[in-house]
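Asks: Residues per chain are reported as follows:
Protein chains: 2
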Amino acid sequence: MANSWATLGVDLHLEPTGPGVRRGLTDALREAVRTGRLAPGTRLPSSRTLAADLGIARNTVAEAYADLVAEGWLTARQGSGTRVADRAITPPNPAAPRPRERSRPAHDLLPGLPDLASFPRAEWLKAARRALAAAPNQALDYGDPRGRVELRTALAGYLARARGVRTDPDRILICAGISHGLRILSALLRARGASTIAVESYGLHVHWDLLADTGLRTVPLPFDERGTNPGELTDEAAVLLTPAHQFPMGGTLHRDRRAAVVDWARRTGGLVVEDDYDGEFRYDRQPVGALQGLDPDHVVYAGTASKSLAPGLRLAWLVLPAGLMEEAAKAKGAADTCGALDQLTLAEFLTSGAYDRHVRAARLRYRRRRDALVAELARRAPQVHATGIAAGLHVVLRLPPGTEQETLRAAAWQGLAVHGLHRYQHPEATVERRDALVVGYGTPSDHAWSGALDALCAALPESPTA
Amino acid sequence: MANSWATLGVDLHLEPTGPGVRRGLTDALREAVRTGRLAPGTRLPSSRTLAADLGIARNTVAEAYADLVAEGWLTARQGSGTRVADRAITPPNPAAPRPRERSRPAHDLLPGLPDLASFPRAEWLKAARRALAAAPNQALDYGDPRGRVELRTALAGYLARARGVRTDPDRILICAGISHGLRILSALLRARGASTIAVESYGLHVHWDLLADTGLRTVPLPFDERGTNPGELTDEAAVLLTPAHQFPMGGTLHRDRRAAVVDWARRTGGLVVEDDYDGEFRYDRQPVGALQGLDPDHVVYAGTASKSLAPGLRLAWLVLPAGLMEEAAKAKGAADTCGALDQLTLAEFLTSGAYDRHVRAARLRYRRRRDALVAELARRAPQVHATGIAAGLHVVLRLPPGTEQETLRAAAWQGLAVHGLHRYQHPEATVERRDALVVGYGTPSDHAWSGALDALCAALPESPTA
Numbered sequence: 001m002a003n004s005w006a007t008l009g010v011d012l013h014l015e016p017t018g019p020g021v022r023r024g025l026t027d028a029l030r031e032a033v034r035t036g037r038l039a040p041g042t043r044l045p046s047s048r049t050l051a052a053d054l055g056i057a058r059n060t061v062a063e064a065y066a067d068l069v070a071e072g073w074l075t076a077r078q079g080s081g082t083r084v085a086d087r088a089i090t091p092p093n094p095a096a097p098r099p100r101e102r103s104r105p106a107h108d109l110l111p112g113l114p115d116l117a118s119f120p121r122a123e124w125l126k127a128a129r130r131a132l133a134a135a136p137n138q139a140l141d142y143g144d145p146r147g148r149v150e151l152r153t154a155l156a157g158y159l160a161r162a163r164g165v166r167t168d169p170d171r172i173l174i175c176a177g178i179s180h181g182l183r184i185l186s187a188l189l190r191a192r193g194a195s196t197i198a199v200e201s202y203g204l205h206v207h208w209d210l211l212a213d214t215g216l217r218t219v220p221l222p223f224d225e226r227g228t229n230p231g232e233l234t235d236e237a238a239v240l241l242t243p244a245h246q247f248p249m250g251g252t253l254h255r256d257r258r259a260a261v262v263d264w265a266r267r268t269g270g271l272v273v274e275d276d277y278d279g280e281f282r283y284d285r286q287p288v289g290a291l292q293g294l295d296p297d298h299v300v301y302a303g304t305a306s307k308s309l310a311p312g313l314r315l316a317w318l319v320l321p322a323g324l325m326e327e328a329a330k331a332k333g334a335a336d337t338c339g340a341l342d343q344l345t346l347a348e349f350l351t352s353g354a355y356d357r358h359v360r361a362a363r364l365r366y367r368r369r370r371d372a373l374v375a376e377l378a379r380r381a382p383q384v385h386a387t388g389i390a391a392g393l394h395v396v397l398r399l400p401p402g403t404e405q406e407t408l409r410a411a412a413w414q415g416l417a418v419h420g421l422h423r424y425q426h427p428e429a430t431v432e433r434r435d436a437l438v439v440g441y442g443t444p445s446d447h448a449w450s451g452a453l454d455a456l457c458a459a460l461p462e463s464p465t466a
Numbered sequence: 467m468a469n470s471w472a473t474l475g476v477d478l479h480l481e482p483t484g485p486g487v488r489r490g491l492t493d494a495l496r497e498a499v500r501t502g503r504l505a506p507g508t509r510l511p512s513s514r515t516l517a518a519d520l521g522i523a524r525n526t527v528a529e530a531y532a533d534l535v536a537e538g539w540l541t542a543r544q545g546s547g548t549r550v551a552d553r554a555i556t557p558p559n560p561a562a563p564r565p566r567e568r569s570r571p572a573h574d575l576l577p578g579l580p581d582l583a584s585f586p587r588a589e590w591l592k593a594a595r596r597a598l599a600a601a602p603n604q605a606l607d608y609g610d611p612r613g614r615v616e617l618r619t620a621l622a623g624y625l626a627r628a629r630g631v632r633t634d635p636d637r638i639l640i641c642a643g644i645s646h647g648l649r650i651l652s653a654l655l656r657a658r659g660a661s662t663i664a665v666e667s668y669g670l671h672v673h674w675d676l677l678a679d680t681g682l683r684t685v686p687l688p689f690d691e692r693g694t695n696p697g698e699l700t701d702e703a704a705v706l707l708t709p710a711h712q713f714p715m716g717g718t719l720h721r722d723r724r725a726a727v728v729d730w731a732r733r734t735g736g737l738v739v740e741d742d743y744d745g746e747f748r749y750d751r752q753p754v755g756a757l758q759g760l761d762p763d764h765v766v767y768a769g770t771a772s773k774s775l776a777p778g779l780r781l782a783w784l785v786l787p788a789g790l791m792e793e794a795a796k797a798k799g800a801a802d803t804c805g806a807l808d809q810l811t812l813a814e815f816l817t818s819g820a821y822d823r824h825v826r827a828a829r830l831r832y833r834r835r836r837d838a839l840v841a842e843l844a845r846r847a848p849q850v851h852a853t854g855i856a857a858g859l860h861v862v863l864r865l866p867p868g869t870e871q872e873t874l875r876a877a878a879w880q881g882l883a884v885h886g887l888h889r890y891q892h893p894e895a896t897v898e899r900r901d902a903l904v905v906g907y908g909t910p911s912d913h914a915w916s917g918a919l920d921a922l923c924a925a926l927p928e929s930p931t932a
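Residue numbers (our numbering), protein chains in the order written: chain H, 1 to 466; chain P, 467 to 932.
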């Protein structure tokens with residue numbers, strides 16, 4: 001352990017190479033700040049110095065610093081270097097894995113959140129009142145591990161109409177989020193003896209980690225301009241896809257590939273898991289229907305209220321092939337059924353039309369934001385390109401080659417929380433290097449949006465104000 | 467496979483001896499009815515005939531029949547034998563493990579439920595309105611895996627005041643029920659390399675199964691008139707107890723044994739898990755304080771809203787020793803956090819005093835029911851004794867030796883769902899044979915209560931009307 005690092009008095013256990021280095025460094029630094037071993041105000045060594053001391057790439061250190069700035073543990077100001085943040089002495093969430101509340105950047109463009117300020121509180125309460133008035137006493141009992149029948153019935157109708165899902169209420173399992181649904185499926189696959197699941201080259205580490213935790217190895221499929229290529233699928237037990245709106249790249253899966261993945265499933269008995277996290281939000285045309293509609297016997301459809309309403313509801317749903325429900329309910333267990341009242345309220349929200357009204361309003365809001373973002377980029381940063389379809393709550397901005405890291409550092413200096421694309425790349429993926437930002441435009445409230453957009457433009461390479 | 471069984475056309479895979487026989491038989495019969503292989507109205511062979519055919523004890527068959535009558539799959543009428551129920555052709559819950567909703571007996575005295583008709587709907591909605599009005603937007607985010615800070619803060623105050631629990635909000639983990647909490651603790655213990663957990667001789671199979679599913683062997687402790695005897699604890703990783711109100715036996719853990727179990731934990735580093743499922747409901751005096759108060763560093767306290775309000779809320783809490791939160795939050799995972807709105811509503815319900823008011827009213831209701839039950843027994847069935855302290859939502863009725871099975875059959879004939887004590891006995895427990903019923907007097911609504919009590923008295927041995 002070399003000088004400046006030892007001087008900081010921080011224990012660090014690092015694999016010398018591989019994708020784990022950056023995460024290990026980030027975790028070690030975060031822990032050192034959290035526990036006070038790195039005191040507030042402490043100036044950290046420059047990324048160049050620390051990288052030389054540790055014998056790792058300078059970019060790795062710079063990326064770890066940028067992550068911790070985005071999370072609020074460190075501050076970076078031009079001229080005064082990188083320091084431990086003052087507020088880091090009493091973190092609100094010491095034990096929480098990946099807590100978001102810890103991070104309070106000036107501008108938040110992290111993907112994954114809808115605009116929480118537009119949650120329809122009054123409408124939701126109205127639905128809750130109606131739902132509770134209509135509910136039988138039995139609804140307050142332990143209940144069905146699959147979830148309340150009222151919600152499953154409402155969803156069966158809604159999903160058929162809005163997403164082309166073919167199902168009936170008996171094949172829907174309510175869960176507490178798509179991650180929870182994946183954990184259920186993962187346990188089910190493991191119980192069947194599965195050992196690998198194919199995933200996309202780009203996606204969420206939290207999903208891959210969750211699959212790995214239950215013992216499934218994740219194998220990334222190739223990715224190109226038609227999206228994920230299922231041609232290399234062989235004897236994997238399942239494949240996890242985002243066909244309607246690849247996360248985060250933003251394209252739709254080409255129709256030949258939709259057909260190919262279903263063919264694979266029929267041929268091998270493999271399971272297709274369709275993560276339709278933001279299927280409601282397409283701005284230029286009717287959204288492409290769910291892959292599940294092609295073959296309900298081989299595709300598990302996963303949807304959620306986390307993007308259309310709010311993650312705090314903890315309500316999501318799996319639509320399962322016939323015959324899989326018993327295994328899935330067993331894998332879920334009766335222990336963690338979701339609260340009945342929120343389920344009944346969402347059912348009422350769906351059947352009363354309030355859900356459709358809310359989604360229409362949200363679609364308009366996000367579409368305007370996306371349009372404003374694209375227009376502002378064309379004006380202020382013509383060298384940066386918004387890619388993907390006009391949909392969802394995030395956009396990938398392609399950057400000039402080699403500029404992702406400097407852009408992230410510039411964003412940190414702007415007090416802007418935003419992610420680089422490389423963070424969403426599977427460690428084993430073999431894809432061409434793409435420098436890009438993943439910008440969540442759903443996250444800021446309406447009044448914070450223009451400030452966030454301004455900060456983003458200021459951070460982009462060669463933009464007029466940077 | 468012998469005659470009458472083969473005639474029924476039912477496949478049956480049975481271990482020839484041991485505690486699994488009855489469950490195997492019950493499951494096989496239920497499955498045969500559910501799938502229609504045993505058609506509605508089919509008359510089953512007598513328990514004597516089937517037992518002889520299968521080479522198992524007659525009581526085992528009689529118990530399996532009685533279970534399925536209580537669950538609504540079979541009907542039993544004196545004179546016409548045991549038949550497949552008519553309504554069994556379209557079970558509402560084909561895939562659900564242990565669903566309660568399937569069972570609609572005429573009278574329900576199964577333990578484990580409060581009176582759902584008395585759930586304070588109007589007060590709950592008021593609290594929901596206030597909570598949602600006060601909540602920051604951030605409350606609708608993914609949130610802290612430990613649960614909303616508002617609820618953890620309200621609980622810390624309430625538990626200190628009502629149950630003598632010593633804690634602060636940072637040591638409380640919100641979960642979706644005590645079973646969910648046990649699964650979290652079980653995963654935590656397994657991650658530490660634990661292999662066994664001591665349990666009580668009497669308890670819930672659903673808990674033991676859940677612990678076994680994660681790989682922990684459950685070892686029952688001896689039980690006598692002072693309650694569970696922790697004297698035989700050695701190097702188990704943990705012990706699961708119901709100190710305030712043993713479930714189902716109904717006593718409190720003797721003070722010497724409270725001290726002994728804490729001594730064991732301090733000496734060995736073992737963990738005490740205190741299941742305080744109905745600590746609010748004591749009718750004769752102030753309830754004994756939580757064991758956790760003796761040693762917050764060695765006792766995990768588990769409480770729930772399932773008995774005090776309703777299981778449908780899916781809200782419970784663990785109070786953890788300092789230093790255990792990080793492991794517990796990791797074992798829980800972020801995937802199945804409880805819904806934020808119900809958490810905020812319960813927090814408001816607690817801090818506004820509505821919870822205390824509701825519990826006081828419920829205490830009065832259940833106390834009256836218990837008093838009426840004891841008085842009616844003294845009058846109509848003096849040979850039957852209510853045991854345990856005046857507390858909770860259930861009572862154990864000691865029966866004359868050798869009469870438990872015939873009483874359960876008589877109860878089934880009365881359309882009465884009630885459990886025998888032997889159902890709550892750990893398969894490996896070495897305890898003296900106790901013939902008894904476990905009667906849940908919380909379950910019926912007020913208007914159904916007297917009818918249920920009447921049916922109970924009619925089913926008891928040597929009662930005037932039986």
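Hints should not be assumed to be uniformly reliable.
[Stated by the list, open to error] A partial selection of chain H residues facing chain P, derived with a Cβ cut-off under 10 Å:
1) Gly41
2) Pro45
3) Ser46
4) Arg48
5) Asp53
6) Leu54
7) Gly55
8) Ala133
9) Tyr283
10) Thr337
11) Ala340
Read the hints as simulated data drawn from the structure, not as lab findings.
Since this is a predicted model, take the numbers as computed values, not measurements.
Note that the Cβ used here is the ideal one computed from N, Cα and C, for glycine as well.
Asks: Would you mind marking each hint as holding or not holding in the structure?
Replies: Now for the hints, and whether the structure bears them out:
no.: 1; hint: Gly41; in the structure: 25 Å, violated
no.: 2; hint: Pro45; in the structure: 28 Å, violated
no.: 3; hint: Ser46; in the structure: 32 Å, violated
no.: 4; hint: Arg48; in the structure: 34 Å, violated
no.: 5; hint: Asp53; in the structure: 29 Å, violated
no.: 6; hint: Leu54; in the structure: 26 Å, violated
no.: 7; hint: Gly55; in the structure: 30 Å, violated
no.: 8; hint: Ala133; in the structure: 8 Å, holds
no.: 9; hint: Tyr283; in the structure: 23 Å, violated
no.: 10; hint: Thr337; in the structure: 6 Å, holds
no.: 11; hint: Ala340; in the structure: 3 Å, holds
In the structure shown, a violation is registered for the earlier hints numbered 1, 2, 3, 4, 5, 6, 7 and 9, in ascending order.
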